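Listed here are the chains, written in short residue letters.
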Amino acid sequence: MSTSFITSAESIDWSERVQKLLQKAKVTSQEVEEVFLNFPSVKKLSVQFSDGLDRFYVEGATDMGKKLSLVVFVEAKKIIITYIKR
Amino acid sequence: MTKQKTTQNVLDAAEENAFWQKNDPSQFAVDADLSDQFTNLKPSTKIITLRVPEHLLTNLKLIANKRDIPYQSLLKHFLQEKVNEEMQTPFLQLRRNIVRRTAIAAISLFVLVTISYGFVVQPIRAQGSSMVPNYQTNTYYLLDKLAYAVGNPQRGDVVVFSSPTQPKSSFFKRVVALPGEKVGINGGNIYINGEKLYEPYATGQTQAKVFPTTNQEIMVPGNSYYVLGDNRDSSVDSRDFGFITKENVTGKVSVCYWNCQ
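In the order they appear, the protein sequences are chains A and B. Using our numbering, the letters of the first sequence correspond one by one to residues 1 to 86. Using our numbering, the letters of the second sequence correspond one by one to residues 1 to 261.
For the record, the hints were derived by calculation from the structure and aren't laboratory data. Owing to the predicted nature of the structure, the values given are computational and were not obtained by experimental measurement. Wrong hints could be hidden among the right ones.
[Unchecked claim] With a cut-off of at most 27 Å between alpha-carbon atoms, the simulated BS3-like pairs for lysine-lysine come out as follows: (1) Lys26(A) to Lys42(B); (2) Lys78(A) to Lys46(B); (3) Lys46(B) to Lys22(B); (4) Lys22(B) to Lys26(A); (5) Lys209(B) to Lys168(B); (6) Lys196(B) to Lys246(B); (7) Lys46(B) to Lys66(A); (8) Lys77(A) to Lys42(B); (9) Lys66(A) to Lys209(B); (10) Lys42(B) to Lys85(A); (11) Lys77(A) to Lys209(B); (12) Lys66(A) to Lys246(B); (13) Lys20(A) to Lys42(B); (14) Lys85(A) to Lys24(A).
[To be verified] So the derived label-pair ranges between C-beta atoms look like this: (15) Ser41(A) to Gln80(B): 37 to 43 Å; (16) Gln30(A) to Phe110(B): 43 to 49 Å; (17) Asp12(B) to Ala61(A): 30 to 36 Å; (18) Arg17(A) to Lys46(B): 17 to 23 Å; (19) Gln93(B) to Arg17(A): 20 to 26 Å; (20) Phe110(B) to Ser41(A): 52 to 58 Å; (21) Thr58(B) to Asp63(A): 31 to 37 Å; (22) Leu11(B) to Asp63(A): 30 to 36 Å; (23) Arg51(B) to Asp13(A): 30 to 36 Å; (24) Arg17(A) to Asn23(B): 16 to 22 Å.
For every residue, glycine included, the Cβ atom is placed at its ideal position computed from N, Cα and C.
Whole structure, please, built from the sequences with the hints as guidance.
In structure tokens:
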């Protein structure tokens, strides 16, 4: 099952594109990282992409309780963030 | 439970950002939460080169060995602890300072009040009509408890003393005669050693009662005092219960601080 990709993720991609998403959502990379490490709710999305990789909807909270929603996929053990919303 | 949306289109990765701008991803979510978590995800790190004194490194390795963890992990742990502490310091220090200062102030106040109340000054309330009009009932005064620590009560002093007949009650009277003096009451006046006492503070007629009786003259014993209320018509005083000793005197009535008239 594709969800095994989730457990295989070892790091997060903090490329310039993701930095722009962070700026737009007014959150920090640390907060996003905290969401992933704070046992978020993870749901698979039904949208299909040409790269064949499943997208996941991640909802969780930072250490300070700020709630964030993210869309991610996992490629080469790296989490790629494509959407951030506070 | 939200109704799940679907799209038949297969989107290009480049179109993804625009797609999520227009659509809420939660509406495309498959309802059930996945049991999988990001269990292998490690916090993002950055490699730095750090020069540390050798002895520090040696000690760090010793501690790390004791704890059976790599010294690099221990270093990060120590660093994290210290950073957290420093980030919280201003607020915590401020809070600790406020708590400490408040506690010191409260304890000091308590000690001061306790000492003052016991040995220096004590608030008292005038009750009854025996000292009217000079000391109205329900007015508050400070009682100077050190007034007679060295000296003795003087004629005219208003003192508080424990009643010789009811030791638990305190009275509030004026000293009229001192040790060794002879007191007589005649014609509504007080005579000390045969001389009429000028008493501008007294109201009413000073009638003789038991101590002394009319035309009698009594001597105040050593270490004792003859005290009378200013309102002679309405006062239970030395005329009734006799002399009071210096040991009976709690202190000298000082300034009025509340409900003064």
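Could you tell me which of the hints above the structure violates, numbers in ascending order?
-> Result: hints 3, 9, 11, 12, 15, 19 break, sorted rising.
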